[in-house]
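K.L.:
Got chain C; can you put chain G on it based on the hints?
Protein chains: 2
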Amino acid sequence: MARPLILVTNDDGIIAPGIRALISVMKELGEVVVVAPDSPQSAMGHAITINDTLKLTKVQIDNEVEKEYSCSGTPVDCVKIAVNEILKRKPDLCVSGVNHGSNSSINVIYSGTMSAAVEAGIEGIPAIGFSLLDYSWDANFEPIKSHIKKIASEVLKNGLPEGVILNVNFPKLAKEDIKGTKICRQAKAMWQEEFDKRTNPHGKDYYWLTGKFVNLDKGTDTDEWALENGYISIVPVQFDLTAHHAMQQLNSWDL
Amino acid sequence: MARPLILVTNDDGIIAPGIRALISVMKELGEVVVVAPDSPQSAMGHAITINDTLKLTKVQIDNEVEKEYSCSGTPVDCVKIAVNEILKRKPDLCVSGVNHGSNSSINVIYSGTMSAAVEAGIEGIPAIGFSLLDYSWDANFEPIKSHIKKIASEVLKNGLPEGVILNVNFPKLAKEDIKGTKICRQAKAMWQEEFDKRTNPHGKDYYWLTGKFVNLDKGTDTDEWALENGYISIVPVQFDLTAHHAMQQLNSWDL
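As they're listed, the protein sequences go chains C and G.
Counting from 1 along the first sequence, just add 84 to a position and that's the residue number in this note's numbering.
Counting from 1 along the second sequence, just add 84 to a position and that's the residue number in this note's numbering.
Pulled out of the complex, with its shape left as it was, chain C reads as follows:
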């Protein structure tokens, strides 16, 4: 069998240690092409660039891969332009991350890392987003490398159900303290926003968005539970947003 073709992207930007760790693992599994944002794109969700131009630059960051490009757009733009302008064929796998910080629970919807993986899924490419529960730039990705390799290998071997993408989150633990892997549902949690209001030197108010993550979901089958209890969480994610369970009720309305 030919070596698998693997597209690597992220949302923290092409020089982030998380994507460099991911590249080093993927090189053991196949031919790697990197197309990632030229600057941090956290919390960009599924944004795409339609009112501005996109720039693509061939770069060499650490001699890990031959085909590496930085892109001026969002993580979703990176996947689109990689598939259309750089890759000669549809890749066998798209991996996004490793994100510096959690994308569990409701974070999946704000996440540029996961949106890039979801975009690949929409285009029919098996895709995984990886995130480590450590926001620091010098987070230690060594304890999770073997797990990343195992999960990506399983996806390369088995494929994924149509329209399904994996959202993988790792607890911040030493390798020997990781208890295993759990297939989970997304916990019903949310952010309680708090805006930090300040006044600029010219007397005009401005705000910083901050917030507190609140998980009221007591289920033991959620990603939050798994991560709090030392497990790697894997949530299968879909982009058919239809709330099928609500259709019958709505059909009873007088519209």
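I should point out that these hints are in silico values taken from the structure, not numbers from a laboratory.
Hints are supplied without guarantee of correctness; some may be wrong.
Copies of the same chain look alike in the list, so a pair counts if it works inside one copy or between any two.
Quick list of in silico lysine to aspartate or glutamate cross-link-like pairs, EDC-like style, CA-CA up to 16 Å [what the hints assert, rightly or not]:
1. LYS139 - ASP122
2. LYS234 - ASP338
3. LYS296 - GLU207
4. LYS272 - GLU312
5. LYS142 - GLU169
6. LYS272 - ASP301
7. LYS174 - GLU278
8. LYS142 - ASP289
9. LYS281 - ASP136
10. LYS229 - GLU260
11. LYS139 - GLU278
P.N.:
Frame of chain C; chain G shown alone:
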């Protein structure tokens, strides 16, 4: 009963004719507060602003409402800052739009209009995104005003199931040619990207993202079918992205 409190936002920007039409309808139903982007934010998806500041400006566009604010952020930022900094209580309804252009099928995931409504849904506010299948700035919103009023009234009366938001799309038709309303599922369609590659005056390449919408879903229960056949489509949308149907299969993997 007190008059309902209604938050209005959009992604085309606060001066867009679509939001002005929506405001005029909502004034018939309750007390209206507008917090909308100060510039076009189409295709921003669920992006939020975490690496920059947000500015909020009290504005008066057309004397329709007393409380109206433009915000420098994304549609999702608008909802967050409205709920936290402007509204004295949780609103009874959040409406987003009317978008100039379709948000049916897979467009829901790229849409700033729908992401604003989804954010309200996450915060426990009944929410609806409205879109008209006409991209032009001078689109005619008159034929759909009575339908918007009817749908919003039903939501105010019945509420919505927990975690469910409505994605309403209107065909571009004369009022008498609209055949009715259908509760639909999201069609399995996608964009086939085509990048328009150009060279700038300094010899450097850049790209414009363009594409073609391709619907391969032949179902007659989809939003695309409804719209093509002269109906208003209503898709109930959820933000629990878990692909529950895939969990059993993944549990059989060797991880």
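K.L.:
State the violated hints by number, sorted upward, taking the hints as numbered earlier in the document.
P.N.:
No hint contradicted; all consistent.
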